[in-house]
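Residues per chain, in single letters:
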Amino acid sequence: MNLIVSTISQGLIWAVMAIGLFITFRILDFPDMTVEGSFPLGAVTTVMLIQGGMNPELAMLVAFVFGCLAGFATAFMYAKMNIPILLAGILTMTALYSVNLRILGKANMSLTKPDNVFNQFGLDKLPTNFNGIFLGIIILTIITFLLTVFLNTEKGQAVIATGDNETMAASMGINTTVMKFIGLMVSNGIVALTGGLIAQQNGFADVNMGIGSIVIGLSAIIIGEVIYPDVPLSIRLITVIIGSIVYRLILMIVLQLGFNTNDLKLISAIILALCLALPSIRAEFFKVFRNGVKTK
Amino acid sequence: MKPIMELDNVEKTIYNDNTNLNILDGINLKIYPQDFIVVLGTNGAGKSTLLDAITGANRVTNGKILLNNKDITTENLAKRAQFISRVYQDPKLGTSPRMTVAENLLLAQRRGLPRRLRSRRLKENLPKFKEFISTMPTLDNRLNTFTEKLSGGQRQTLSFLMAIIQKPELLLLDEHTAALDPQTSSDLMAATDRTIKEKKLTCMMVTHNLTEAVKYGNRLIVLKKGKIILDLNTEEKAKLKEEDLLEYF
Numbered sequence: 038m039n040l041i042v043s044t045i046s047q048g049l050i051w052a053v054m055a056i057g058l059f060i061t062f063r064i065l066d067f068p069d070m071t072v073e074g075s076f077p078l079g080a081v082t083t084v085m086l087i088q089g090g091m092n093p094e095l096a097m098l099v100a101f102v103f104g105c106l107a108g109f110a111t112a113f114m115y116a117k118m119n120i121p122i123l124l125a126g127i128l129t130m131t132a133l134y135s136v137n138l139r140i141l142g143k144a145n146m147s148l149t150k151p152d153n154v155f156n157q158f159g160l161d162k163l164p165t166n167f168n169g170i171f172l173g174i175i176i177l178t179i180i181t182f183l184l185t186v187f188l189n190t191e192k193g194q195a196v197i198a199t200g201d202n203e204t205m206a207a208s209m210g211i212n213t214t215v216m217k218f219i220g221l222m223v224s225n226g227i228v229a230l231t232g233g234l235i236a237q238q239n240g241f242a243d244v245n246m247g248i249g250s251i252v253i254g255l256s257a258i259i260i261g262e263v264i265y266p267d268v269p270l271s272i273r274l275i276t277v278i279i280g281s282i283v284y285r286l287i288l289m290i291v292l293q294l295g296f297n298t299n300d301l302k303l304i305s306a307i308i309l310a311l312c313l314a315l316p317s318i319r320a321e322f323f324k325v326f327r328n329g330v331k332t333k
Numbered sequence: 114m115k116p117i118m119e120l121d122n123v124e125k126t127i128y129n130d131n132t133n134l135n136i137l138d139g140i141n142l143k144i145y146p147q148d149f150i151v152v153l154g155t156n157g158a159g160k161s162t163l164l165d166a167i168t169g170a171n172r173v174t175n176g177k178i179l180l181n182n183k184d185i186t187t188e189n190l191a192k193r194a195q196f197i198s199r200v201y202q203d204p205k206l207g208t209s210p211r212m213t214v215a216e217n218l219l220l221a222q223r224r225g226l227p228r229r230l231r232s233r234r235l236k237e238n239l240p241k242f243k244e245f246i247s248t249m250p251t252l253d254n255r256l257n258t259f260t261e262k263l264s265g266g267q268r269q270t271l272s273f274l275m276a277i278i279q280k281p282e283l284l285l286l287d288e289h290t291a292a293l294d295p296q297t298s299s300d301l302m303a304a305t306d307r308t309i310k311e312k313k314l315t316c317m318m319v320t321h322n323l324t325e326a327v328k329y330g331n332r333l334i335v336l337k338k339g340k341i342i343l344d345l346n347t348e349e350k351a352k353l354k355e356e357d358l359l360e361y362f
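Chains as they are written, first to last, in our numbering: chain A, 38 to 333; chain B, 114 to 362.
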């Protein structure tokens, strides 16, 4: 039971990151590799600031701002220097590795200060792992609400239109460059915030903790879409959260079957590949099924 | 009468195969209020580049573009979109598929204007949009339909409505009926002509269809290798027959 609670808690916290990734991957419609750098950026920033005596909430806010700056760097290379988005993301991600090392001063650091967001506001009085669930729900509620409200504003609609059909958006007088900046900055801000949360939950920050984070985020998005296809945009944010929990539960089951934990990234990639292929497999299955009915 | 738009010796040159190629080669054109100019030309004549130059999608190499006597040559596409709207040939290019018809219309209504953090504007505008699309029977009662669920003809009709919802100074139609089936194309062209007359719009329409070129519009220009080789005024165009145009193709 404790394992399931812990898995749901992990799923909820990682869902915050998946929502950040959703902004670039699904709303702006491009893959952003920056997250593999902005995620540890958030973690190292939060750990360093808390270790330096800063309030954990404020430290996470700073991590969010740093994440926004990472998104700004990618957006600048993409929109102003005409570097393809994939390459721009990889460049920022690579540069952030050094930045993260500079911030942390070494490859990893433990969080030795007792204060963190998981033991404040009476959360430490909750049963084991329920603090993660509680905090995850609160943060997800705030972010999902704010994002839903934003996407329904004129500015939000302009961001959606930019990802949807850039030619049309530009001909509607939308400054698509600004929209790309907004999307990339907010997305990486949220991802860095998640990095800060995970670092506090795990009790340490590591400059390599971003490796594979994009796969985790994408898995949550894709699993959510496979389970709930064709739902409105605001509901899709909730499907991402469900997808994140389901992904963690799948991983838990796989690991319970006795797989080596060293194979975790391999297993994650295989799960994502299967999820990505699932819509085509499903369509093929229904085609065969329908043809079978016709021949009868 | 003062022209709405003036193209003064507009040139667009690209570097291709070690030579400079003039896509637009010294275009001089004055567009007056309520002109409906039909633009004809073979593939590669420079028709779409001319529209790109006017909208700002493609910067010109030389020359000036004036809108209401103001030089807009260096202004970007987003800024010019406040005054100039365009309907593309591909129905998918003109609309946002993940938005409803009403949301698309709201986007178009705010064309070129500041987009603020207001979510109630859509609700406020719904009755207005309902009345607006009622002029186009194919879209009636489809305000809340996602655009990706519409047919090509419906999407192109929506693109046209989006282009005119905020009355543009200049409406550009880039073969906007070419990708549709004959009946839908004919219906949309008739609706386009009716709307242009009713709303007294100034329009420039690129077409390959000689019948449409003769039937619609009050002026006609033919482009060849980036130059205007024929420019007919209202009286001359009124006498024009379809076979007269064959020599230019």
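Treat the hints with care, as some may be off.
Using 20 angstroms as the maximum straight-line C-alpha spacing, the simulated PhoX-like pairs for lysine-lysine come out as follows [said to hold, decoys possible]:
no. : chain 1 : residue 1 : chain 2 : residue 2
1   : B       : Lys313    : B       : Lys280
2   : A       : Lys192    : B       : Lys312
3   : B       : Lys243    : A       : Lys117
4   : A       : Lys192    : B       : Lys192
5   : B       : Lys312    : B       : Lys338
6   : B       : Lys143    : B       : Lys243
7   : B       : Lys143    : B       : Lys115
8   : B       : Lys115    : B       : Lys177
9   : B       : Lys177    : B       : Lys143
I should point out that these hints are in silico values taken from the structure, not numbers from a laboratory.
Going down the list of hints, with the structure as the test:
no. : hint                 : result
1   : B/Lys313 to B/Lys280 : holds (9 angstroms)
2   : A/Lys192 to B/Lys312 : violated (29 angstroms)
3   : B/Lys243 to A/Lys117 : violated (40 angstroms)
4   : A/Lys192 to B/Lys192 : holds (17 angstroms)
5   : B/Lys312 to B/Lys338 : violated (34 angstroms)
6   : B/Lys143 to B/Lys243 : violated (36 angstroms)
7   : B/Lys143 to B/Lys115 : holds (9 angstroms)
8   : B/Lys115 to B/Lys177 : holds (17 angstroms)
9   : B/Lys177 to B/Lys143 : holds (12 angstroms)
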